[in-house]
Amino acid sequence: LSSWAGPRPKPGVLYTNPTASNPTGATLSVARRHALYDVAEAHDLIILEDDPYYFLHPDQDALPSLLSLDRSNRVIRFDSFSKVLSSGLRVGFATGPSPLIERMNLHTQASNLHTSGLSQALVAALFDHWGLAGFRAHLARCARFY
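All you need for the working numbering is the position in the sequence shown, starting with 1, plus 143.
Treat the hints with care, since some could be wrong.
[Stated by the list, open to error] Pairs of lysine to aspartate or glutamate residues, derived as DMTMM-like cross-links and limited to a Cα-Cα distance of at most 25 Å, are as follows: (1) Lys153 x Asp193; (2) Lys226 x Asp202; (3) Lys226 x Asp193; (4) Lys153 x Asp213; (5) Lys153 x Glu184; (6) Lys153 x Asp187.
Read the hints as simulated data drawn from the structure, not as lab findings.
Given only the sequences and the hints, what does the whole structure look like? Please build it.
Shown next as structure tokens:
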């Protein structure tokens with residue numbers, strides 16, 4: 144990126160699957176996560192961290208998310224319940240700086256109305272029943288199976 148000299152504009156967004164990336168299954172090391180963030184910061188890139196397998200990784204506590212490394216409000220993190228609850232639910236969530244999330248929400252409203260209300264209600268009921276401890280126990284069982 145430092146020597147970018149093309150007729151096309153320099154990229155402004157970096158998309159990554161840092162944990163168990165498809166199709167290789169590769170996971171970025173802690174050092175690579177820091178290096179990736181530093182490159183994004185040096186070149187003023189927004190990072191889209193799509194991490195649906197994070198909760199299934201056996202060493203998830205040792206792997207910082209790119210969002211947790213964010214010091215300049217440039218990371219939007221996407222998580223999904225489809226890998227740990229049911230692929231048919233198609234329910235996930237985004238976390239990041241308010242200005243980026245608000246902007247994303249405006250664009251999302253123009254392209255879809257919302258995720259299935261029934262799917263959202265099922266996930267909410269499950270979390271009400273399980274609580275955080277129950278969800279963590281479920282994740283541990285899923286990670287062992289996976």
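Q. Holds or violated: Lys153 with Glu184, Cα cutoff 25 Å?
A. Holds, at about 14 Å.
Q.
Check the hint pairing Lys226 with Asp193 against an upper bound of 25 Å on the C-alpha distance.
A. Status holds; Cα separation ~13 Å.
Q. Given the hint that Lys226 pairs with Asp202, does the C-alpha gap stay at or below 25 Å?
A. 17 Å, holds
Q: Assess, step by step, whether the Cα of Lys153 is no farther than 25 Å from the Cα of Asp187, and give holds or violated.
A: 10 Å, holds
(Q) Tell me if the straight-line CA distance from Lys153 to Asp213 falls inside 25 Å. (A) 21 Å, holds
Q. Are the Cα positions of Lys153 and Asp193 separated by 25 Å at most?
A. Holds - the C-alpha atoms of Asp193 and Lys153 are around 22 Å apart, at most 25 Å.
The structure fails none of the hints (numbered hints given earlier).
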